[in-house]
Amino acid sequence: KNEVEQSPQNLTAQEGEFITINCSYSVGISALHWLQQHPGGGIVSLFMLSSGKKKHGRLIATINIQEKHSSLHITASHPRDSAVYICAVYYGGSQGNLIFGKGTKLSVKP
Amino acid sequence: EAGVTQFPSHSVIEKGQTVTLRCDPISGHDNLYWYRRVMGKEIKFLLHFVKESKQDESGMPNNRFLAERTGGTYSTLKVQPAELEDSGVYFCASSLAGGYTEAFFGQGTRLTVV
Chain A
1 KNEVEQSPQN
11 LTAQEGEFIT
21 INCSYSVGIS
31 ALHWLQQHPG
41 GGIVSLFMLS
51 SGKKKHGRLI
61 ATINIQEKHS
71 SLHITASHPR
81 DSAVYICAVY
91 YGGSQGNLIF
101 GKGTKLSVKP
Chain B
1 EAGVTQFPSH
11 SVIEKGQTVT
21 LRCDPISGHD
31 NLYWYRRVMG
41 KEIKFLLHFV
51 KESKQDESGM
61 PNNRFLAERT
71 GGTYSTLKVQ
81 PAELEDSGVY
91 FCASSLAGGY
101 TEAFFGQGTR
111 LTVV
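In the order they appear, the protein sequences are chains A and B.
Residue 110 is where the first sequence ends in our numbering, and the numbering goes up by one at each step.
Residue 114 is where the second sequence ends in our numbering, and the numbering goes up by one at each step.
Do not rely on the hints blindly, as some may be mistaken.
Label-pair distances were calculated between CB atoms; the ranges are [unchecked claim]:
| hint | chain 1 | residue 1 | chain 2 | residue 2 | range |
| --- | --- | --- | --- | --- | --- |
| 1 | A | P79 | B | R64 | 19 to 27 Å |
| 2 | A | H73 | B | E102 | 31 to 39 Å |
| 3 | A | H38 | B | Q55 | 34 to 42 Å |
With a straight-line cut-off of 25 Å between C-alpha atoms, the simulated BS3-like cross-links for lysine-lysine are [unchecked claim]:
| hint | chain 1 | residue 1 | chain 2 | residue 2 |
| --- | --- | --- | --- | --- |
| 4 | A | K102 | A | K53 |
| 5 | B | K41 | A | K68 |
| 6 | B | K78 | B | K51 |
| 7 | A | K54 | A | K105 |
| 8 | B | K44 | A | K105 |
| 9 | B | K44 | B | K78 |
| 10 | A | K105 | B | K41 |
| 11 | B | K51 | A | K102 |
| 12 | A | K53 | A | K105 |
| 13 | B | K44 | A | K68 |
| 14 | B | K15 | B | K41 |
| 15 | B | K78 | B | K54 |
| 16 | A | K54 | A | K68 |
| 17 | B | K44 | A | K109 |
| 18 | A | K109 | A | K68 |
| 19 | A | K102 | A | K54 |
| 20 | B | K41 | B | K51 |
| 21 | B | K15 | B | K51 |
Note that these hints are calculated values from the structure, not bench results.
Backbone N, C-alpha and C define an ideal beta-carbon position, used for all residues, glycine too.
All chains, please: the whole structure from these sequences, using the hints.
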């Protein structure tokens, strides 16, 4: 069983909808990343957080350390948000030794 | 400023051949990481360089994989001899030194072993 679980695995939304992607992890962590991978493969780091909430444009990431859970929200979704969103946790081992979720494939229809 | 760049973007080789992947990190980034994603699986950590030294290579799958970072700048990941199960996307990332900082990823190299 993977130590980082994401849900849903696939998500289809209509343009303008509010989207939530969830990430649960089973180990104590020092930091959690949300990453975005577009068709074509490149990965972009969206957020790195260890507590509370961060916001960047239409993206909001929250984390609850006690519940070992994080959410990524997208407000007013747009077709260009279509991508795979990946949660990865850093549990304090060697820097960069992240445990990744399998990703959530988001498709936003116009 | 250039981001993390990887070469080639795609590579198709036959089983038993050798392939060398290259990663150029962001200038000034001491930390360099290699990851890979095989079909249907999550991304897995391979190893971590600090400058030219291997800090953690616990994720390297076997001794057919050799990573180097001579001079502490660009890094290469050689697979010799390649096997079918080595097919996947290999990502490189880099980050600044000093504590845990955000990593910047490259576009990845898609390796197909036939």
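Right, here's what the structure says about each hint:
| no. | hint | verdict |
| --- | --- | --- |
| 1 | P79/A to R64/B: 19 to 27 Å | violated, 42 Å |
| 2 | H73/A to E102/B: 31 to 39 Å | violated, 20 Å |
| 3 | H38/A to Q55/B: 34 to 42 Å | violated, 29 Å |
| 4 | K102/A to K53/A | holds, 23 Å |
| 5 | K41/B to K68/A | holds, 22 Å |
| 6 | K78/B to K51/B | holds, 18 Å |
| 7 | K54/A to K105/A | holds, 22 Å |
| 8 | K44/B to K105/A | holds, 18 Å |
| 9 | K44/B to K78/B | holds, 17 Å |
| 10 | K105/A to K41/B | holds, 14 Å |
| 11 | K51/B to K102/A | violated, 30 Å |
| 12 | K53/A to K105/A | holds, 23 Å |
| 13 | K44/B to K68/A | holds, 21 Å |
| 14 | K15/B to K41/B | holds, 21 Å |
| 15 | K78/B to K54/B | holds, 15 Å |
| 16 | K54/A to K68/A | holds, 17 Å |
| 17 | K44/B to K109/A | violated, 31 Å |
| 18 | K109/A to K68/A | violated, 31 Å |
| 19 | K102/A to K54/A | holds, 22 Å |
| 20 | K41/B to K51/B | violated, 29 Å |
| 21 | K15/B to K51/B | violated, 32 Å |
Violated hints, in rising order: 1, 2, 3, 11, 17, 18, 20, 21; the structure is consistent with all others.
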